[in-house]
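Chains as they are written, first to last, in this note's numbering: chain A, 193 to 689; chain G, 1233 to 1299; chain E, 548 to 777.
You may find that some hints are simply not true.
[Stated by the list, open to error] With a Cα cut of at most 27 Å, we get these calculated DSSO-like pairs of lysine-lysine:
#, chain 1, residue 1, chain 2, residue 2
1, G, Lys1263, E, Lys690
2, A, Lys206, A, Lys521
3, A, Lys296, G, Lys1264
4, A, Lys355, G, Lys1263
5, A, Lys584, A, Lys669
6, G, Lys1291, E, Lys620
7, A, Lys355, G, Lys1291
8, E, Lys620, A, Lys543
9, A, Lys296, A, Lys669
10, E, Lys748, E, Lys690
No wet-lab data here; the hints were simulated from the structure.
These figures come from a predicted structure and were not determined experimentally.
What follows is each chain in one-letter form.
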Amino acid sequence: MENRPLEYDYTVAKMFMVTTIVLGIVGMSIGVFIAFELAFPGLNTIFGQGIAEYTNFSRLRPLHTDAVAFGFTLSGIFATWYYVGQRVLKVSMAESKFLMLIGKLHFWLYVLGVAAAVVTLFMGYSTSKEYAEFEWPIDIAIVVVWVLWGVSIFGLIGIRREKSLYISVWYYIATFLGVAMLYLFNNMEVPTMLATSAAGETGIGSWLHSVSMYAGTNDALVQWWYGHNAVAFVFTVPIVAMIYYFLPKESGQAIYSYKLSLLSFWGLMFVYLWAGGHHLLYSTVPDWMQTMGSIFSVVLILPSWGSAINMLLTMKGEWQQVAASPLIKFMVLGSTFYMFSTLEGPIQAIKSVNAIAHFTDWIVGHVHDGTLGWVGFMIIAALYHMAPRVFKRELYSKSLMAAQFWIQTLGIVLYFTSMWIAGITQGMMWRAHDEFGNLAYSFMDTVDVLHPYYALRGTGGLLYLIGFFMFAYNIYKTMSARPVEESELQNASPMGA
Amino acid sequence: MSIDEFSAYGYFFLTLLLVVGLYAYIYHLYKKKKDATGVDYENYSNMALNDDIGDTPVKPVSDEKKK
Amino acid sequence: MFHWLEKHPFFFAVGVFVVIAFAGLIEIVPNFAQASRPVIGTKPYTTLELAGRQVYIKNSCNACHSQLIRPFKAETDRYGHYSLSGEYAYDRPFLWGSKRTGPDLHRVGNYRTTEWHENHMMDPAAIVQGSIMPAYPWMFTNKADIDTAFAEQLTDQQFFGVPYNKPVPMKDGTTQTVKLAKSVAEAHADALAEAKEVASKMKNQDVKDAVARGEIPEIVALIAYLNSLK
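The following block holds chain A by itself, in its conformation from the complex (with noise of 0.2 Å):
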């Protein structure tokens, strides 16, 4: 053998930066279609008469949020912690042939389960949970997968040089205990092909089919403490474990203060669990549980700032970073989007808010600018921070990226401020009585009048989609760009014009 140096191997990571990427643009396409299709509804049948039950509005919304929660959110995930984990801990996968094979595995069982998910969902095969809507063989494979990723983490700390954990991989295994235990309750559900007939047939109807295990109100109960807390170890947690890696790394700052750091991971990990009641003011679950709701989402404000605001004042008297690097931007601009949309969301929480906000745009615009500006452009961020060193070569372009980063600016402004307007116009026009105390609207004048903010965020939408784009094209195009030698990687990303 060879007396090579010891690398860092950053094979199974590149995999599912391919995936992210893929996912990503079928994701945020569909969502850019949909979009458009509440704004002009000829577009449901604009694949033909034929297919249109398969294009319209009802097929595709659910494979839009689970492509760009599932397939690019979890493929960013996995990618970044494939490398952010062996950089940390010090330690490379290529010390350890068993985690490699779990790396791959892992890889390799996940593609199949995303093409198992995208074609019992088009096909219609859905439990309705939103999130959730997998029927249960694909539940059980996305176990499987989860727990290779779980061997993967703890085995690769198991070997690892560095003794503390660094606060990403405490995130990372908060993520991984997090969406374990969601996603294993709230997908409690029977096989009907369990059940027999009096005539002792069995196996009756589609095998794919389940019933839930919960009823109703409890049902609802379990499925937002799922849905609120997968937005929590999907969308923040992980997100966090990146940002704190890869911000400082690329600035040469560290942490603002490690210690604020640590106290918000405990923070976070106690009060998000207790929020998910605020998906169900004013409903049928216990007030007294819809008041907790409301008080801890309120509460949760300060971890999240905690974080958010641990990062702004890393760049502290190193603003010319922000101003001269894109990459830079895109975690600055992030996390600022991580600050607005968890302030967002507890005042949408407040029970007199949420009577206006529940079941509006707003709500959507919410989820978006939270899951645009902040997974997105984190993500985004992340892959542009490994790609020149797991390439070894510079970024293709860096005005490129600065284009792309206005662009999709613009994008989230539009969309966010549109989904205002709509969802708050729309819940007055619910709730608005005339001098008679008639309702004064009729439901089709609340929807004939959103239709110019339902234009605006398809554009808003177009726009991201757009500038993801031309990340995919600068990406690809890094991957023959001048080769770089180790001493450019140290921090700052060498970038190309």
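Chain A is already provided as a structure; the job is to place chains G and E on it using the hints.
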């Protein structure tokens, strides 16, 4: 004890425990630095900054094994 | 202690898990026994209704329509009495939805007719001027999956004790019994009888012919389900 009472007590005491825990944690974070054997948590940031495979770990696993 | 925890990943993970599992334990588990009692007048779904409910889910109707009327004047004026927890006792899964791109449907059976649904599902914009809802013409040709609906009923009865074949109290003091078939063939026959009743109020000749042939198009099942929402 009814299930409501159980949940109320559980809520109260566990919250208390976690609040106490959190304050103890803050105290711990700041006190550690002053001890002779202490750790300055702020050094931990270097785990990200000096993360090449050849860099010296902030606190190597091998130290512990030697003892 | 804290410092030790940070260096021992396994115990660290246990600590994190305890902290995150805590809320669920206190908040969700104790409520389970209480929330699932049906209110008087709520009865289990028939095979055809359940097949319709599956069509509803298959086409993500719940992505745009809620089934939850909140206790505000504006909502009770528009949709009827606010929703009660026990009304959902037989809903697996729940279909409250999270977005009202279209109106709430929890009591749609009170104010829309079979004929209205038929025309509306074929071309929503023709019935409601300016509607942005997609048309669902394929529901008039696709066949409803009665087998699976029957299997779901059996599952409900065998695993969750849903009272099929048992008298269920109604609001007027009487009782009603929802029948659960003994075999797949019987389930088909029962569903078809119910479908014929729905189809008799419909205009679409293809649907009528299909039902006469013994087939059940998705639209018939869906309308049966929507009519049951009261």
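So, going through the hints one by one against the coordinates:
no., hint, verdict
1, Lys1263/G to Lys690/E, "71 Å, violated"
2, Lys206/A to Lys521/A, "24 Å, holds"
3, Lys296/A to Lys1264/G, "41 Å, violated"
4, Lys355/A to Lys1263/G, "21 Å, holds"
5, Lys584/A to Lys669/A, "13 Å, holds"
6, Lys1291/G to Lys620/E, "64 Å, violated"
7, Lys355/A to Lys1291/G, "5 Å, holds"
8, Lys620/E to Lys543/A, "16 Å, holds"
9, Lys296/A to Lys669/A, "25 Å, holds"
10, Lys748/E to Lys690/E, "19 Å, holds"
Checked against the numbered hints listed earlier, the structure breaks hints 1, 3 and 6; every other hint is satisfied.
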